[in-house]
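Novice: This is what each chain is made of:
Protein chains: 4
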Amino acid sequence: MGAAERRSVLEAIKRFTIETPSWGYGDSGTRFKVFHWPGAARNLREKLADAALVHRLTGVCPRVAIHIPWDKEDDWEAVKAYAAGLGVRIGAVNPNLFQDEEYRFGSLCHPDPAVRRRAVQHVLECIQIARAVDSDTISLWLADGTNYPGQDDLRARKHRLEETLAEIYAALAPGMRLLIEYKFFEPAFYHTDLADWGMAYTLARKLGPQARVLVDTGHHPQGTNLAHIVAFLLDEEILGGFHFNDRRYADDDLIVGSQHPFELFLVFNELVAAASQPQAPRIDYMIDQSHNIEPKIEAMIQSVLHIQSAYARALLVDRQRLSQAQAAGDVLGAYRVLRDAFETDVRPLLAQAREEMGLDPDPIAAFRRSGYADEVARTRPASRSGASGYPGA
Amino acid sequence: MGAAERRSVLEAIKRFTIETPSWGYGDSGTRFKVFHWPGAARNLREKLADAALVHRLTGVCPRVAIHIPWDKEDDWEAVKAYAAGLGVRIGAVNPNLFQDEEYRFGSLCHPDPAVRRRAVQHVLECIQIARAVDSDTISLWLADGTNYPGQDDLRARKHRLEETLAEIYAALAPGMRLLIEYKFFEPAFYHTDLADWGMAYTLARKLGPQARVLVDTGHHPQGTNLAHIVAFLLDEEILGGFHFNDRRYADDDLIVGSQHPFELFLVFNELVAAASQPQAPRIDYMIDQSHNIEPKIEAMIQSVLHIQSAYARALLVDRQRLSQAQAAGDVLGAYRVLRDAFETDVRPLLAQAREEMGLDPDPIAAFRRSGYADEVARTRPASRSGASGYPGA
Amino acid sequence: MGAAERRSVLEAIKRFTIETPSWGYGDSGTRFKVFHWPGAARNLREKLADAALVHRLTGVCPRVAIHIPWDKEDDWEAVKAYAAGLGVRIGAVNPNLFQDEEYRFGSLCHPDPAVRRRAVQHVLECIQIARAVDSDTISLWLADGTNYPGQDDLRARKHRLEETLAEIYAALAPGMRLLIEYKFFEPAFYHTDLADWGMAYTLARKLGPQARVLVDTGHHPQGTNLAHIVAFLLDEEILGGFHFNDRRYADDDLIVGSQHPFELFLVFNELVAAASQPQAPRIDYMIDQSHNIEPKIEAMIQSVLHIQSAYARALLVDRQRLSQAQAAGDVLGAYRVLRDAFETDVRPLLAQAREEMGLDPDPIAAFRRSGYADEVARTRPASRSGASGYPGA
Amino acid sequence: MGAAERRSVLEAIKRFTIETPSWGYGDSGTRFKVFHWPGAARNLREKLADAALVHRLTGVCPRVAIHIPWDKEDDWEAVKAYAAGLGVRIGAVNPNLFQDEEYRFGSLCHPDPAVRRRAVQHVLECIQIARAVDSDTISLWLADGTNYPGQDDLRARKHRLEETLAEIYAALAPGMRLLIEYKFFEPAFYHTDLADWGMAYTLARKLGPQARVLVDTGHHPQGTNLAHIVAFLLDEEILGGFHFNDRRYADDDLIVGSQHPFELFLVFNELVAAASQPQAPRIDYMIDQSHNIEPKIEAMIQSVLHIQSAYARALLVDRQRLSQAQAAGDVLGAYRVLRDAFETDVRPLLAQAREEMGLDPDPIAAFRRSGYADEVARTRPASRSGASGYPGA
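Chains as they are written, first to last, in the working numbering: chain P, 1 to 393; chain Z, 1 to 393; chain F, 1 to 393; chain H, 1 to 393.
No lab work stands behind these hints: they were computed from the structure.
Don't take each hint at face value.
Since copy identity is lost for identical chains, a pair holds within one copy or between any two.
[Claimed, not checked] Below, simulated DMTMM-like cross-link-like pairs (lysine to aspartate or glutamate); rule was C-alpha separation at most 20 Å, straight line:
no.: 1; residue 1: 80; residue 2: 360
no.: 2; residue 1: 14; residue 2: 167
no.: 3; residue 1: 206; residue 2: 237
no.: 4; residue 1: 14; residue 2: 77
no.: 5; residue 1: 72; residue 2: 125
no.: 6; residue 1: 80; residue 2: 102
no.: 7; residue 1: 14; residue 2: 356
no.: 8; residue 1: 72; residue 2: 374
Predicted model, so just to flag it, every value in this text is computed and none were measured.
Okay, chain P solo, but in the shape it has when bound (with noise of 0.2 Å):
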């Protein structure tokens, strides 16, 4: 690598921003049980007291996704005010359609049009939030669905849901983006009405330029090729961003590239593909993991060295030699040049982009030292016991 190509790469680095979500700094845990975690984070300032350390010892997290209601306040001025007191601001809103009692069977795609009234109403309030916040982006995961054959009509609730999505996105701010995300299972169990990304692109093609598809890494069928998917949604110029996690089974919520490192750099190997284009388009990189057992704030650094480390190799890749290769039907010569950048230890590197940051090069261990872990262990004691597998419930 000469010089040129080191100092593009270390600017791309710096210049790659990752999106934290505040759910990620509260305790949350599996349907069984909720383990507390000294010093979580209870409500949004606590939240974003967190999520601003993660962006002043990273220096790429500005933005701090919201989940309403568990992050609702009633003065957004005063929360815009204290976020960029602490040098970050609200990036998506997501709307929270699964934790009333009325959302049973669905929320956007349920039988009785009151329940979808309901349902379209906080998301409408949602956009509210957003403009009120500056936020352009609502993110929007269903958890509709159904749990035996029979239960609802499939194709009624593909009707009702065109019909509420079409109300939500005429309600938009202009420039404002609706990123529509899919799941493949859970918490419905026979189907999903958002089941993969095929429904979320179709659904998004008819509502409009401002609907995107949202890509969350851990909503798949085992074997998925996720690189291939969003080569496909970036070639459609649709797709709108991510939710990164890593899972070996279901949809875990672990660490993103805990599991399958490859796989995420396979993942950003598309996207630097991409991004060279005339047009690139704009992508959100948002984290949305559950942190059932390890230590909320450093799961979160840990998770963007790891996007940070795909995307680094991704910059290494040598593209020309790549498209020689591909060119001359040399199958274990073309793979090689993304194994090597793959191979290549890209510490280093990120440690001088921090650096020129004026940042620790090693972010865990400066938050080790910090102190921090111990003072919020200290000053914030649990606020419930016997909690459920998520923050609001």
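Following the hints, put chains Z, F and H in place on chain P, whose structure we already have.
Specialist: Only chains Z, F and H this time, still in chain P's reference frame:
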């Protein structure tokens, strides 16, 4: 089917009993939400009352599995008397090794001897409870595992498990059975200490003849041939029982037979074939489900009907014709022997068996007519809100 | 079921036709071995003769799909006349884009324009053959994909595919349909260029109204809800047809309905529900199986019986009662409407339909009695040995 | 890493040997097509020549596994001498129990005693061949299974297998090892007689100490934690060896480590941890792949590099620091110990080891420079066409 054979099938159906789980009568849910069902049982007495109703309606559910500490009471003699008054008795006692804060990193496999001690003590207490309620079965599910590579030493955990299980085994009352369950994943997401039947089998063999393997039908990787595992364990004379439920994706805990009725039939086909042998082993047939959106009691009756339906069809298999076709290498002829039994509508047969038992031929209709659902909805106000996925959480 | 309803069901069963594949009558196998079946058809004439027998026995299989070049002949007029003499006609024409040495790295997506040209020419030839045999259907399965990350540029391959498909589409005769199949994996093992329904859908939409999506029931990840995909494609008015088969693991190409009969019923439940709409689309029901160890003709008849069984049960679903239960949020009541239809033994109904058509009520028994199997075993000596998994190899 | 530690790692790398398979040097493919590779080896002599080249280039592949009858020769003394002259020797002898017409319904589990006899005789012949070539290893993969429910009696098949294996075991030479492989599915699609490690383990235990379990890395359900199974078998002192390959979907038989390099590292992490014990067991590291589209020899060298890369990283794990973090319940700290080793670029280390062995530091480059590929492409005309997926077919 001749009259003698029909009589034999009817008598087998009438003799075949199913154990229902106390926790299946209470509210439960996913990590995202527990939806409250009006009238859901809130304590052991109510659960026993509901279970007794299921037994009165179906005639085949005389035992109720309990979960400690969810169902813990001070006076077990009183519980026994109460159950007996309702016409049921306590079945398997299920320890809970996943809901204490101490169990963040496991219970019987935990790195800390003090936590392992706590876990062993809890199981020993369950053995005492089993004695007190005249139960001869401890049903052990271990939620132990890790979420990240390296988190703990896999072989050290195995050693700890062998030690703690040996201590538990030594404390079993004479004739008491220890049923060892395995699970592919969840709530641990990197590895599960008892991940498959082979691990449960290996440990049960080391412990001795009172240890048996428990098959939970939802705890396997996709595609796994359950009937084959059952046949293998039967042949090894180490199958102890079942936790019945169904799933499409992960461990969905849906109503047994609701997603893959043919698979359930194939499992029973192996059980019926093996039962004709001179020394047929004791197998405990237990339901273990999580009724997230369904009415609890109706879901339990439906489950019983599905099991009876699978069992009745398996009884109809013409085993002589099957053997002949198998010996002749008649692949499709042999397959059709099973298929013929499966295609048969066994509802009239089951209705006749119920009538011979003095029951309503349609337990669901009888339940709906009974007014019980309305009554408990009125008399059992919701005991909690914002609850998590599992009753004790 | 009233008499009028029963009559309506019987007439529907008699009208419902299934296309059988020429390749299902010949030897096929796995990568490990092709077992020769005595009397297996060795050329198009013999395949048509066998298919005609299946039609004579079942009354519902008037069309035979062909595969080019496996079934290539010089005089298509003669083929047409021969088929007509047997009482059948040619159905879908299936190009072969995977068995030329040139296709090592793909066909329509190959990096080399010359190979793409060759592939396009082959499909254009198939369009000519379709015209010659009065078929209006091209059924396109693409084996294209890669085995290693980096082997080729995923987006470039998509562009090539869009180009070559556009050229093919432009050459379709008026009213001719291009059915685009997708497959999760195999024979490519890193990525498949048309990996899921979403990719087939996207390309079909771009091509125009003569392009439709073909669902092969064995080409999905584990757990996939097939009925949901079918409902979605029906609602989008882009479902063109099926390749029926069954599997437990990968694309096992076993007899349709032999592993998951309930799933097949649920697919037909969606089809029957949609068929009651004013503008029901044309759907081609085709079998696509690999009979590795089974007698070929008997396997085909068995497949037809399974499809009819699933279809008949779907016709029995009480849709009014279903809608009412769904509207009432009666999860288990709605489920039982489907389950009741599934539990019904439809063999008498199918036997009656056959008798009304002048057929033997038991086509398998009639086939076994006919002596046809012995005759072809005698008159058709094995044409080759050491053959590979697919007929043309 | 200190100098002493580095030295120790280098010596371990130099000592670590890998067995390559004769069949990996010939043409192979899928059920759809075998693509011929110019110069692919056509017989045992050519395979040994290619394997010897791989050994000369890598320095760590002194043994070549053979497959009977694919590699059968009349004069095994001559084969031994020929191999010795090339600097290699014969490793495991692999019987073939899947390519005779008689094996349609199985081999060692076949319902017909005459077929079982044939299969046993073949394995006994392989034992004789092993003696003749001074090999002490029989590597047994069983393709036995069924395609349809009911096709055969699952327990009867188990009994037959126990009988035939006992006969084989009794015929082993003293010190000879019988490695028993298992496979989730394929070529059987309903059930596989040895479907998982638990079945292989159970039978190996019954046979005696010369029987060991062979882990083929591609023979597991999706999501399976391979490192855990390896740790369990190591702890049970019954792991005999590996068949290395990689896959995304089914048993894809791709280059080991090419899809999931982190998983391969985690497997080696368990092996290295166990190797430090006093009585480290003998483990045979063997490659078993199907090079469908790749250049055969280059694919084999690439495989060796991947294995060495995973092994080297596992050697770098700081086991003291790991234990400390594990004991402290420091989930992410422990994880990072593994991750740090994995992030390390071990190419320089491997290059140094090769140079110390007098080899080119880059075996792929050396191979490409050697002209060997061109030469064999010229001197080895294709021996057959229209071939099937496996060399002997």
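Novice: Which numbered hints turn out to be false for this structure?
Specialist: Checked against the structure, the hints that fail are numbers 1, 2, 4, 6, 8, while the rest are satisfied.
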